[in-house]
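Enquirer: Taken in order, these protein sequences are the chains called F and R. Residue 154 in the working numbering sits at position 4 of the first sequence; the count goes up by one each step and never skips. Residue 159 in the working numbering sits at position 50 of the second sequence; the count goes up by one each step and never skips.
Simulated from the structure, these hints should not be mistaken for lab results. Any given hint might turn out to be false.
Unchecked claim - Coverage of chain R stretches by chain F, computed from C-beta distances (three or more under 8 Å per stretch; other residues unrestricted):
(1) 160 to 172
(2) 215 to 221
(3) 235 to 247
Using N, Cα and C, we set each Cβ at its ideal position, and we do this for glycine too.
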Amino acid sequence: MRLAVVAGPPSAGKTAVVRQTVRSLRDRHRIAYLKIDVVRAFEDEELAAEFSIPTRKVCSGDLCPDHAGVMVMRDAIAWAEEEGADLLLIESAGLCLRCSPYTTQGLGVVVLSAVSGTNTPLKMAAMLALADIAVVTRIDLVSQAEKEVFRERIREVNPGLDIVETNAVQGTGMRYLLRAIEDYPEITDPDAIVLRGAPPLGVCTVCIGKTEIGWQHHFGVVRRLEGADYLFRGD
Amino acid sequence: MDPSPIREITILPGRSRSGEPERFDAISIRPGDTISIVGPTGSGKSALINDIEVFARNDTATGRTVLVNGEYPPEEFVRDPAHKPVALITQNTRCLADLTVAEFLAMHVRSRRMEDDGIVGRTIDLANEFTGEEIRPGARMTALSGGQTRSLLVADAVLVAAAPVLLLDEVENAGIFKERVIEVLRAGGKAVVFVTHDPLVSLLSARRIVMRDGAVERVIEPLDRENDALREALRLDGILRLMRERIRAGDLITGPVGA
Numbered sequence: 151m152r153l154a155v156v157a158g159p160p161s162a163g164k165t166a167v168v169r170q171t172v173r174s175l176r177d178r179h180r181i182a183y184l185k186i187d188v189v190r191a192f193e194d195e196e197l198a199a200e201f202s203i204p205t206r207k208v209c210s211g212d213l214c215p216d217h218a219g220v221m222v223m224r225d226a227i228a229w230a231e232e233e234g235a236d237l238l239l240i241e242s243a244g245l246c247l248r249c250s251p252y253t254t255q256g257l258g259v260v261v262l263s264a265v266s267g268t269n270t271p272l273k274m275a276a277m278l279a280l281a282d283i284a285v286v287t288r289i290d291l292v293s294q295a296e297k298e299v300f301r302e303r304i305r306e307v308n309p310g311l312d313i314v315e316t317n318a319v320q321g322t323g324m325r326y327l328l329r330a331i332e333d334y335p336e337i338t339d340p341d342a343i344v345l346r347g348a349p350p351l352g353v354c355t356v357c358i359g360k361t362e363i364g365w366q367h368h369f370g371v372v373r374r375l376e377g378a379d380y381l382f383r384g385d
Numbered sequence: 110m111d112p113s114p115i116r117e118i119t120i121l122p123g124r125s126r127s128g129e130p131e132r133f134d135a136i137s138i139r140p141g142d143t144i145s146i147v148g149p150t151g152s153g154k155s156a157l158i159n160d161i162e163v164f165a166r167n168d169t170a171t172g173r174t175v176l177v178n179g180e181y182p183p184e185e186f187v188r189d190p191a192h193k194p195v196a197l198i199t200q201n202t203r204c205l206a207d208l209t210v211a212e213f214l215a216m217h218v219r220s221r222r223m224e225d226d227g228i229v230g231r232t233i234d235l236a237n238e239f240t241g242e243e244i245r246p247g248a249r250m251t252a253l254s255g256g257q258t259r260s261l262l263v264a265d266a267v268l269v270a271a272a273p274v275l276l277l278d279e280v281e282n283a284g285i286f287k288e289r290v291i292e293v294l295r296a297g298g299k300a301v302v303f304v305t306h307d308p309l310v311s312l313l314s315a316r317r318i319v320m321r322d323g324a325v326e327r328v329i330e331p332l333d334r335e336n337d338a339l340r341e342a343l344r345l346d347g348i349l350r351l352m353r354e355r356i357r358a359g360d361l362i363t364g365p366v367g368a
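Only chain F is shown next, with the shape it has when bound in the complex (with noise of 0.2 Å):
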């Protein structure tokens, strides 16, 4: 079975994505597909519903999207093989945008929208980082000029990263996507699989209920205004 990771910011065309690629690969595959969202999603009903194709959803509630991925991947694997999937496509909700959700043995997609601002790449560097492929969505309302400023940002935090253009509504530029994923080394060891790099991932003294402000009031990562314009860094 392979294995495909899509994260991006809300609303960059995720599941556009994602449904056109069950669109063009269905024939060739039987494919399973695992929503990640926070409060309500309803991709999985959809998808179901187009494509009668297996698809489950977690809703991450008070957790962080990417931690509550962490937990049920592996468990998603063995479900998706149960189901008989040769291809599992695992969408996240990414939100605070400094994890990155990919692992090995899998194709990391990073989605993001052309019209989301010049600064948009560097603003999601972990996630760009470390994708193996970036698509870039809604291309169809930018001039040739500014897809290439915007690739150029996106070159900027990545060199290395694979850029695919589309208009997913429409699927155009999404065979590269398709032929990435196609050509991706199938999953060898479901028990060895790891995040590619370590996430800031954390429960804080916020997200268990503790509502005061001010840093007098938490414990863990602490820190004042004044030189706290980087609070905290992952590895």
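Position chain R against the provided structure of chain F, taking the given hints into account.
Expert: This is chain R only, laid out in the frame that chain F set:
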């Protein structure tokens, strides 16, 4: 930069929105060609230039295929902007890059690995030939008007992207000097494809592709049969332009204007 010579781009037929095969064998675009794509709103004009822009390979909604020099284009033509032989100027008249004009152009030049100090200035100068509202290097891209943005992106496509084929989606909408644009593009030996509702732009083009229901309905090559119509369109356009200028200036137009 070494743009491999583009002798010909060929569009092979796909399907209409209702699934009927298109009724043409092939449409060729060669250097120096001017082609307009016309038809009602929603007839598939933008989809046709999008097919050219992405070098469709029966993988878009229209099912068309686009060849370069009679073959599937090499992957770098499609994927590497520095080798891509076509540049599309969309209908969008907003640039979302949060940069100044000079920074934006400099970043584009850098992405092309071009060593040319004067090119940013020359691009802004050319853009200013296309618009009556002066573009300044320090202006923010997001603050440019529709006409300024369009002018700048056309000038960029000519000088920085230096693409041999330009696709212009409703260039007339943004209030830019369309005749000057066409003149510059012709002088540069570019192949230009206009999606247009403008009679003058259509008549200035050597060929006209008529769209309907998502498909190419016919391709018209008027040769010199439309010369009278073109003269008339130029005359009327001149009158309208003078009226526009005078109305903008706050004049009251009480007598005949221009030719």
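Enquirer: Please go over all the hints and tell whether each is borne out by the structure.
Expert: Evaluation of the provided hints:
no.	hint	result
1	160 to 172	holds (count 6)
2	215 to 221	holds (count 5)
3	235 to 247	violated (count 0)
The earlier numbered hint that this structure contradicts is number 3, and it is the only one.
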